[in-house]
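Novice: Here is what each chain is made of, one letter per residue.
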Amino acid sequence: MLEGRAITEPLIRAENLTKHFPVTRGLLVGRTTGHVKAVDGVSFTIGRQETLGLVGESGCGKTTTSRLLLRLEEPTAGRVLLDGQDVHALRGLELSRYHTRVQAVFQDPWSSLNPRLRIRDTVAEALVVNRRVTRAGKLERVEEVLHQVGLPLSAAARYPHEFSGGQRQRIALASALAASPELIVLDEPVSALDVSIRAQIMNLLKDLQARQQLSFLLVAHNLATVRYIAHRTAVMYLGRIVEQADTESLYRTPLHPYTKALFAAALPADPDAPRDDMILSGEVPSPIDPPSGCHFHPRCPFAMEQCSRVAPELKAVAPGHVVSCHLY
Amino acid sequence: MARVEERIDAGFVASTAAEDLARPRVRGDLARMPWVSLAIITVMVLGAMLAPLIAPHSPTEQSLPDKLRPPAWEAGGSTRHLLGTDVLGRDVLSRLIYGARVSLIVAAVALLAGGGIGLMVGIVSGYLGGRVDSFLMRVVDATLTFPTILIALLLAVSLGQGLQTIAIAITVLIWARFARVVRGEVLGVKARDFVALARVHGCSHLRIMAVHIVPNVLNTFMVLLTLHIGFVIIVEASLSFLGAGIPPPTPSWGQMVADGRSHIASAWWLSVVPGAAIMLVVLAFNLFGDWLRDWLDPRLRQV
Amino acid sequence: MAVAAPVVLDVRGLRAYRYTRWGVVRAVDGVSFALGEGETLGLVGESGCGKTMTGLALVRLLPEPAGRIVEGQVLLEGEDLVTKSESEMRRVRGRRISMILQDPQTSLNPVFTIGDQIVEALRLHHSDGERTLATRAEEALRRVKVAAPEQRMRAYPHQMSGGMKQRVVGAIAVAGEPKVLIADEPTTALDVTIQLQYLALLKELQARTRLAMLFITHDFGIVARMCDRVAVMYAGRIVETGPTRTLFRSPRHPYTEALMASVPSMDGSVARLPSIEGQPPPLHDLPAGCRFAPRCAYVDDRCRREYPPIMPVGPAHEAACWRVEPSPSR
Numbered sequence: 148m149l150e151g152r153a154i155t156e157p158l159i160r161a162e163n164l165t166k167h168f169p170v171t172r173g174l175l176v177g178r179t180t181g182h183v184k185a186v187d188g189v190s191f192t193i194g195r196q197e198t199l200g201l202v203g204e205s206g207c208g209k210t211t212t213s214r215l216l217l218r219l220e221e222p223t224a225g226r227v228l229l230d231g232q233d234v235h236a237l238r239g240l241e242l243s244r245y246h247t248r249v250q251a252v253f254q255d256p257w258s259s260l261n262p263r264l265r266i267r268d269t270v271a272e273a274l275v276v277n278r279r280v281t282r283a284g285k286l287e288r289v290e291e292v293l294h295q296v297g298l299p300l301s302a303a304a305r306y307p308h309e310f311s312g313g314q315r316q317r318i319a320l321a322s323a324l325a326a327s328p329e330l331i332v333l334d335e336p337v338s339a340l341d342v343s344i345r346a347q348i349m350n351l352l353k354d355l356q357a358r359q360q361l362s363f364l365l366v367a368h369n370l371a372t373v374r375y376i377a378h379r380t381a382v383m384y385l386g387r388i389v390e391q392a393d394t395e396s397l398y399r400t401p402l403h404p405y406t407k408a409l410f411a412a413a414l415p416a417d418p419d420a421p422r423d424d425m426i427l428s429g430e431v432p433s434p435i436d437p438p439s440g441c442h443f444h445p446r447c448p449f450a451m452e453q454c455s456r457v458a459p460e461l462k463a464v465a466p467g468h469v470v471s472c473h474l475y
Numbered sequence: 604m605a606r607v608e609e610r611i612d613a614g615f616v617a618s619t620a621a622e623d624l625a626r627p628r629v630r631g632d633l634a635r636m637p638w639v640s641l642a643i644i645t646v647m648v649l650g651a652m653l654a655p656l657i658a659p660h661s662p663t664e665q666s667l668p669d670k671l672r673p674p675a676w677e678a679g680g681s682t683r684h685l686l687g688t689d690v691l692g693r694d695v696l697s698r699l700i701y702g703a704r705v706s707l708i709v710a711a712v713a714l715l716a717g718g719g720i721g722l723m724v725g726i727v728s729g730y731l732g733g734r735v736d737s738f739l740m741r742v743v744d745a746t747l748t749f750p751t752i753l754i755a756l757l758l759a760v761s762l763g764q765g766l767q768t769i770a771i772a773i774t775v776l777i778w779a780r781f782a783r784v785v786r787g788e789v790l791g792v793k794a795r796d797f798v799a800l801a802r803v804h805g806c807s808h809l810r811i812m813a814v815h816i817v818p819n820v821l822n823t824f825m826v827l828l829t830l831h832i833g834f835v836i837i838v839e840a841s842l843s844f845l846g847a848g849i850p851p852p853t854p855s856w857g858q859m860v861a862d863g864r865s866h867i868a869s870a871w872w873l874s875v876v877p878g879a880a881i882m883l884v885v886l887a888f889n890l891f892g893d894w895l896r897d898w899l900d901p902r903l904r905q906v
Numbered sequence: 020m021a022v023a024a025p026v027v028l029d030v031r032g033l034r035a036y037r038y039t040r041w042g043v044v045r046a047v048d049g050v051s052f053a054l055g056e057g058e059t060l061g062l063v064g065e066s067g068c069g070k071t072m073t074g075l076a077l078v079r080l081l082p083e084p085a086g087r088i089v090e091g092q093v094l095l096e097g098e099d100l101v102t103k104s105e106s107e108m109r110r111v112r113g114r115r116i117s118m119i120l121q122d123p124q125t126s127l128n129p130v131f132t133i134g135d136q137i138v139e140a141l142r143l144h145h146s147d148g149e150r151t152l153a154t155r156a157e158e159a160l161r162r163v164k165v166a167a168p169e170q171r172m173r174a175y176p177h178q179m180s181g182g183m184k185q186r187v188v189g190a191i192a193v194a195g196e197p198k199v200l201i202a203d204e205p206t207t208a209l210d211v212t213i214q215l216q217y218l219a220l221l222k223e224l225q226a227r228t229r230l231a232m233l234f235i236t237h238d239f240g241i242v243a244r245m246c247d248r249v250a251v252m253y254a255g256r257i258v259e260t261g262p263t264r265t266l267f268r269s270p271r272h273p274y275t276e277a278l279m280a281s282v283p284s285m286d287g288s289v290a291r292l293p294s295i296e297g298q299p300p301p302l303h304d305l306p307a308g309c310r311f312a313p314r315c316a317y318v319d320d321r322c323r324r325e326y327p328p329i330m331p332v333g334p335a336h337e338a339a340c341w342r343v344e345p346s347p348s349r
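Chains as they are written, first to last, in the numbering used here: chain A, 148 to 475; chain B, 604 to 906; chain C, 20 to 349.
Extracted from the complex, chain A is given alone in its bound form (with noise of 0.2 angstroms):
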């Protein structure tokens, strides 16, 4: 169902990923009273052609795992390497060469289009910045990308108000495609456009990765999203990865009680599907203060003594499976 295996080393590695803020007290000097572990420890790697689904609700910690790649935001602690270069340490021309191998599309197609920027001037820039180009040479790669988004040549000298939704997400996609990158960090790229035109973005990353050698980190929290597009699929929760697999297993076989108790918060769209109903009491506990050992263990159904404890580790349960759970 899906092509486009990893078949050599990978490309981004990321090594216990770690991103705690400050909270601070204080009118004049600032006391620093605790950290917000947005980000505790986070291994994963994407392959060349590959797509990971990141999945997980707010406060997981997957979109500040998506700026950490996009060097946004510094780690606290461990490292993400591209093509085994530690991307925080890169500076001059290898950062301009790091600038075009991986970009971004966001959330929101009203705020991701500079207002006052005709779409070619916002389509070229990263291709501007970091590379020499000639007027021609920028107005023939814009052309080149909006005519892979579907878009008319007419959109160039236009400005994004003239745009919907759907048609600003492609127009970032254009940008994001300019500078002929290998890996795109995709944060919720689908969640705030309509039901009918999310397809329409699906199926154009999907011919997106077939036809060119793209990988995706996908961040999302609609399961069904993630499964149309992800080869393997991480789950995410306060900070840490609880399980992670090749899409089909995880869809299939979920192990994590929380993993289980996302998918059956999926609704499908079917009024006779059998009902799952594992409904999760109380509210996610804040990331400043998680609870001790495993971090679900307030709210797991199948919670032990130990879990309280002992914060269980990643193991391997199947070829490519890994859960971190004390069932297992």
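Incorrect hints may appear among the rest.
[Unchecked claim] Taking beta-carbon pairs under 8 angstroms as the criterion, some of the chain A residues facing chain C (in silico):
hint: 1; residue: L414
hint: 2; residue: D417
hint: 3; residue: E430
[To be verified] Listed below are the simulated DSS-like cross-link pairs for lysine-lysine, each with C-alpha atoms no more than 25 angstroms apart in a straight line:
hint: 4; chain 1: A; residue 1: K407; chain 2: A; residue 2: K462
hint: 5; chain 1: C; residue 1: K164; chain 2: A; residue 2: K407
hint: 6; chain 1: C; residue 1: K198; chain 2: C; residue 2: K103
hint: 7; chain 1: A; residue 1: K407; chain 2: C; residue 2: K222
hint: 8; chain 1: C; residue 1: K103; chain 2: C; residue 2: K164
hint: 9; chain 1: C; residue 1: K164; chain 2: C; residue 2: K198
Calculated directly from the structure, the hints in this document are not laboratory data. Where a beta carbon is used, it is the ideal one built from N, C-alpha and C, also for glycine.
Add chains B and C to chain A, keeping to what the hints say.
Specialist: Just chains B and C now, with coordinates in the frame of chain A:
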């Protein structure tokens, strides 16, 4: 089901190429423009620029036999001096026209300088944040606590009277207002996704400020400029009234009001005419600024 | 159209327009449906189809004077809400018909405690003393499964999570024990696991009081779980109505069919997701004839010329389309 699928796949690119890219036309906007304000502003600006051509007399030419003539429509007035003459026989109308020059020049210089400084400080402070922001905003706070006229008077006394002094005094006073408002706007713009994406594209901070931040705060900045013109004109008039402004014999509206004080009972036109001019012009600029803000605002929100 | 239980809300030919500088936006353009006691009707559509405006029109909360009801009746237990005065409506809102909105952030006043806000809602509908009202408020919180209600009474909205805020909003909405509840995308801003809790809560509240619910949403999963019947809206009009199961098994209107096909499912059974080309028509510039015609796979000439009336296509099932075979309804 299958039919829908086939047709969609075949027509994918063609359908998006045919999508409507038109934007709604904004009808009826022309009818709502502030015509009266614009008319007043135009008359003032043209009058100031063409002063030597349209003023009936020289503003400094004295003519003692003609002193204290009332305006043309009163008894004793003449059409040679439409708005009457002052205590030295100088034509009030001509002095009014030349006085407009002074007001405009001071306003322009002070606004450009003060506005320019304020814009830059606001952008840097808002974008960089952190300690730079804290420091700059404390300077702004301090500046805003200065009593306006007092500072201007002090400067006038220490630097001497003249166009330069007034311009400097007003600049010092208004830059902080611009800085504060612009900083607020910058914080809003900074939070939008396209700024983060610019960093992902590899843009330097300087490029982001110039290409992404500044153009998106310009609307607010322009409105602010317009709304401050009235304020600056009044400050200049006040300073001149207090004797700390433009030295005589160059006419200035504020000075004319001051000169006419002692003759209020007998020669009311000496103070009332320039006073009315100040009021009308400031009102016109304020109304225009209000209209500009309303006109620009929904368009801003639309994107 | 036949409805099982006694009808509490009967909407007939509702038209609500917005008057803007670009012309008249016909947001709700001839909407009719009936809601029975204890029943949940889903109102489904994409952005701009008019579903939110419909909800607002029912409680007469349209932004006047730019937006107003121009035609139609909204019969709440036989009384027409459209003809009521504003002061009469104030007695109706909250007491007999109530509404929950999408964003929990803006639904609660940030400067008052939760307790104050619930008590205020209760005070409008009960003439008890303060002490009794406070007790009732605590009970209301308990009924919406808010833990430690005594402490929560003194909490402020910003101290609560989104899910909890929506519960408080729900408690306030049912404080007056209304007959009809309009829920406009109440779970869109919530996490999925919280959403499941909340939907279960709504079902419970409904079961207890035989509350009739109009559930406005774009999410078919929610519709499948919560709704007894569904009405699909497109460009200001309802294009298909029917029992939930029927609509999912055999949608008859091409828009319903295409929309459902474009939603990816959790069991990942499609290789390629069909999408609907084009965009909905602008509501101030509607085409003559069927509004879905430009995007329809089955379109023919008649579709472009004349707007199809809503016709029965099965038991309790209607659709507005020329290309379906009408059949007698039972």
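Novice: Now tell me if each hint is right for this structure.
Specialist: Going through the hints against the structure:
1. A distance limit of 8 angstroms between C-beta atoms decides the matter here; for L414/A the minimum to chain C is near 3 angstroms, and the interface restraint holds.
2. Hint status for D417/A: holds, given a least beta-carbon distance of 6 angstroms to chain C, under 8 angstroms.
3. Taking 8 angstroms as the C-beta contact cut-off toward chain C, the hint placing E430/A at the interface holds, the least distance being around 5 angstroms.
4. A threshold of 25 angstroms between alpha carbons decides the hint, and for K407/A with K462/A the separation of about 17 angstroms falls inside it, so the pair holds.
5. At most 25 angstroms may separate the alpha-carbon atoms for a hinted pair to count; K164/C and K407/A meet this at roughly 23 angstroms.
6. Distance restraint check for K198/C and K103/C: the Cα-Cα separation of roughly 18 angstroms lies within the 25 angstroms cut-off, and the hinted pair is therefore satisfied.
7. Proposed proximity of K407/A and K222/C is supported: the alpha carbons are some 22 angstroms apart, at most 25 angstroms.
8. Pair hint K103/C plus K164/C does not hold up; C-alpha atoms about 36 angstroms apart against a cutoff of 25 angstroms.
9. Between K164/C and K198/C the CA atoms are separated by roughly 21 angstroms; this keeps the pair inside 25 angstroms, and the hint holds.
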